[in-house]
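Visitor: Using the sequences plus the hints, can you model the full thing?
2 protein chains.
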Amino acid sequence: MTSSLRIGIAGLGTVGTGVAKLLQGNKTLLAERAGAELELTAVSARSKQKSRDVVLSGIAWCDNALDMAQRSDVDILVETIGGAEGVARELVTTALQNGKHVVTANKALIAHHGVALAALAEKNGVQLAFEAAVAGGIPILQALRTGLAANSFKRVAGILNGTCNYILTTMQKEGREFDDVLADAQAKGYAEADPSFDIDGVDAAHKLAILASLAYGTKVALDALYIEGIRHITRADIAYAAELGYRIRLLGVATQAKEGISQRVHPCLVPADSPLGLTEGVFNAVQAEGDAVGRVLFQGRGAGGGPTASAVVSDLIAIARGERWPAFTFRTANLAEAVRVPMEKHRCGYYIRLTVADEPGVLADITKIFAAEKISVQSLIQHTHEDNMPAQVVITTHATLEEAMQRALNTIHALERIIEKPVMLRMEMV
Amino acid sequence: MTSSLRIGIAGLGTVGTGVAKLLQGNKTLLAERAGAELELTAVSARSKQKSRDVVLSGIAWCDNALDMAQRSDVDILVETIGGAEGVARELVTTALQNGKHVVTANKALIAHHGVALAALAEKNGVQLAFEAAVAGGIPILQALRTGLAANSFKRVAGILNGTCNYILTTMQKEGREFDDVLADAQAKGYAEADPSFDIDGVDAAHKLAILASLAYGTKVALDALYIEGIRHITRADIAYAAELGYRIRLLGVATQAKEGISQRVHPCLVPADSPLGLTEGVFNAVQAEGDAVGRVLFQGRGAGGGPTASAVVSDLIAIARGERWPAFTFRTANLAEAVRVPMEKHRCGYYIRLTVADEPGVLADITKIFAAEKISVQSLIQHTHEDNMPAQVVITTHATLEEAMQRALNTIHALERIIEKPVMLRMEMV
Chain Z
3 MTSSLRIGIA
13 GLGTVGTGVA
23 KLLQGNKTLL
33 AERAGAELEL
43 TAVSARSKQK
53 SRDVVLSGIA
63 WCDNALDMAQ
73 RSDVDILVET
83 IGGAEGVARE
93 LVTTALQNGK
103 HVVTANKALI
113 AHHGVALAAL
123 AEKNGVQLAF
133 EAAVAGGIPI
143 LQALRTGLAA
153 NSFKRVAGIL
163 NGTCNYILTT
173 MQKEGREFDD
183 VLADAQAKGY
193 AEADPSFDID
203 GVDAAHKLAI
213 LASLAYGTKV
223 ALDALYIEGI
233 RHITRADIAY
243 AAELGYRIRL
253 LGVATQAKEG
263 ISQRVHPCLV
273 PADSPLGLTE
283 GVFNAVQAEG
293 DAVGRVLFQG
303 RGAGGGPTAS
313 AVVSDLIAIA
323 RGERWPAFTF
333 RTANLAEAVR
343 VPMEKHRCGY
353 YIRLTVADEP
363 GVLADITKIF
373 AAEKISVQSL
383 IQHTHEDNMP
393 AQVVITTHAT
403 LEEAMQRALN
413 TIHALERIIE
423 KPVMLRMEMV
Chain S
3 MTSSLRIGIA
13 GLGTVGTGVA
23 KLLQGNKTLL
33 AERAGAELEL
43 TAVSARSKQK
53 SRDVVLSGIA
63 WCDNALDMAQ
73 RSDVDILVET
83 IGGAEGVARE
93 LVTTALQNGK
103 HVVTANKALI
113 AHHGVALAAL
123 AEKNGVQLAF
133 EAAVAGGIPI
143 LQALRTGLAA
153 NSFKRVAGIL
163 NGTCNYILTT
173 MQKEGREFDD
183 VLADAQAKGY
193 AEADPSFDID
203 GVDAAHKLAI
213 LASLAYGTKV
223 ALDALYIEGI
233 RHITRADIAY
243 AAELGYRIRL
253 LGVATQAKEG
263 ISQRVHPCLV
273 PADSPLGLTE
283 GVFNAVQAEG
293 DAVGRVLFQG
303 RGAGGGPTAS
313 AVVSDLIAIA
323 RGERWPAFTF
333 RTANLAEAVR
343 VPMEKHRCGY
353 YIRLTVADEP
363 GVLADITKIF
373 AAEKISVQSL
383 IQHTHEDNMP
393 AQVVITTHAT
403 LEEAMQRALN
413 TIHALERIIE
423 KPVMLRMEMV
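Residue numbers (the numbering used here), protein chains in the order written: chain Z, 3 to 432; chain S, 3 to 432.
Everything labelled a hint here was simulated from the structure, so no lab data went into it. Hints may be right or wrong, so weigh each one.
For chains that are exact copies, the list does not tell them apart, and a pair is met inside one copy or across any two.
Stated by the list, open to error - With a cut-off of at most 30 Å between alpha-carbon atoms, the simulated DSSO-like pairs for lysine-lysine come out as follows: (1) LYS23 <-> LYS260; (2) LYS29 <-> LYS156; (3) LYS221 <-> LYS156; (4) LYS221 <-> LYS347; (5) LYS423 <-> LYS29; (6) LYS347 <-> LYS260.
Guide: Below is the structure:
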């Protein structure tokens, strides 16, 4: 082994430490596969004193992460600091400008500034790589970029946030409410102290925006996404969905629509026996549907030191081998503008739950309103309660334009005997 | 788009025609993704007259496939003729010698001669690529070579033959016997007129040998594999397995064993709710387990014109982009010899079915024999029949060395009250 690639890691949290451990633990194997030695030469982190599960003797320490972009003994910068702005952005920008390859696990940075950074990498003849930014250890970006690149994609849909999937599957299996399970997930370290980034769908949106760009050749643009989180999902809706043969999952879905590439993150009912319905707990899964290949599923751990480090190091190996690729499949100059496809134009089946005063005639009113909007009911179940509680009417519909559904629900909500705001969830036939 | 890569397809069966259609149908998209035009310049097949679902006007026709290796208007040869010897082997060899890249879907050729052909490609500075040879449209070779390359693999296990998986899942779902379902599969075109290549595990063995080489850096060597097909699987065993929470699948499994890389293809009991247990019908699935990434599942269609063409064209795109890679991850000179790990040294849980004369005492004899071999019984169920038929004793064991199990079964078989040869199936905790 004559050649060697010198690596600097900025940030020694779970991921950065995981990368360092993997480079050390699988040193010989990695050199054989990469055709070059992957040599860790420098690291930086906020605290040098903090005890870490990795040996750093003989490796240069930088107190200031920004110094990593200047070091002559660093060929590739691994950025695992995180955050769309601040040190991470400045460091990656400077490193690319200084002719260093950059491998990052930072989905927020790539979702916000990925195209500009990719253009900078092109200009400086270096590689920007971020396999670890989406779905952790699952090599889905590489698959979209190369392994499935022969296909025109009908749909790319995924469970992209393990925290949400853990919460939703636990709510279902244990029959518990959202707040209760969230608190539990926080205690177990599956959810952050401030969980909004995960449970409001922002993290999944970052990842979907990147997936959509690679699949469809559009610029990553978060403002082209519809984003809805899972705070409003109740135990009752999960149970009714299960009764009908569905699971509720937070999906990121990109499809080719008439108006452009539709990109949306929201909870969906998916068939219980579908691969995404069967994906439980902290697992991630992405299903890509191509015109030639049909449906291909990728499933694995979407977070954690090991899986994320696996993805980071796979990028390092590819760069060491001399592989170079346009970060978003197309060169940045050839990426199309992403347009926001309004959700009003979305068509899908809907799950509707209405809380109604249990009086004769209310169903006739509801079905009449649906009929007026040409909404075709697929199933209707009225759950009555012995103890004089309001009845729950659960309806699923055939594919319907969302604006028609919204109008119908507004009209229904105004009915006297409708006690609560109607619950509306979209169905996704994955 | 200035550059162009000129492609010749040898063989216009399902796969060859699929490739031609995909090159034509997604022409613009492919050029954008590849950064070069993928131009189909020449084809060859046995019959020019045969009606095919693809337009071949303006494309040179070769009556003799071997001419494709000589044409100056062919930069890449796509070989979809099939077979380990004969025209396919001669054509691929000559094309590589003549400095042409070769993309093939021919698993038999790669399993038998892959290392020699890869060495020839290295010598001539061209690429040999065969993503389509394993698991059809699933980009698993690329994933092992790059996306998961940071990992030391604990196990790679897959459902690699759609015909067998269709037969086994249909037997289970419809409660039918093997011969009956096989005849049905033949009528539907899921199985060949001579099905032995599929149902005796040979096709799966070809694919596993390739997977094992990429995952473990050993030479592809079919004689290092243990191969057992599915002819002996009965409706009864499928039903008893289901009762215990298992499915029977034909798996190809490669693991790191003490003696070397263990490679085996045989029917296994897998947990019904495991990803491989949930893989049904003609689908293929591969589960790779890495030390860093954990378990990653890839699932999709393993055969058919579209999926296979998707894989072939993904190789064409990578080559057009200028990517070059060692065909088996390592350069051929660095591949280790594959050694055959004797099945006697294999350890797993076992499913045993014994047909016994329903007399008191026989269970005592059986459990005593197991105890003598230090085999730990996990469960034992005796199914008795009202109509004086012999009883069926179904036993599962904890992990046991196969040679101990074989000795025990030989002793049990010799018991007077054991009416038929004991059935033994291995369990795989995927």
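Visitor: Hints first: check each against the structure and report whether it holds.
Guide: Now the hints, each set against the structure:
Taking the shortest Cα distances, LYS23 and LYS260 sit within 30 Å of each other only across copies (25 Å), while inside one copy they are farther apart (47 Å). In this homomeric assembly, LYS29 and LYS156 come within 30 Å of each other (Cα to Cα) only across copies, at 17 Å, whereas the closest approach inside a single copy is 40 Å. In this homomeric assembly, LYS221 and LYS156 come within 30 Å of each other (Cα to Cα) only inside a single copy, at 18 Å, whereas the closest approach across copies is 38 Å. When the C-alpha separation of LYS221 and LYS347 is checked against a cutoff of 30 Å, the pair qualifies only within one copy, where the shortest distance is 22 Å, while the shortest distance between copies is 55 Å.
In this assembly of identical chains, the alpha carbons of LYS423 and LYS29 never lie at most 30 Å apart, being 58 Å within a copy and 50 Å across copies at closest. For the homomeric pair LYS347 and LYS260, the shortest alpha-carbon distance inside one copy (9 Å) is at most 30 Å, but the shortest distance between copies (59 Å) is not.
When the structure is compared with the earlier hints, a violation turns up for hint 5 alone.
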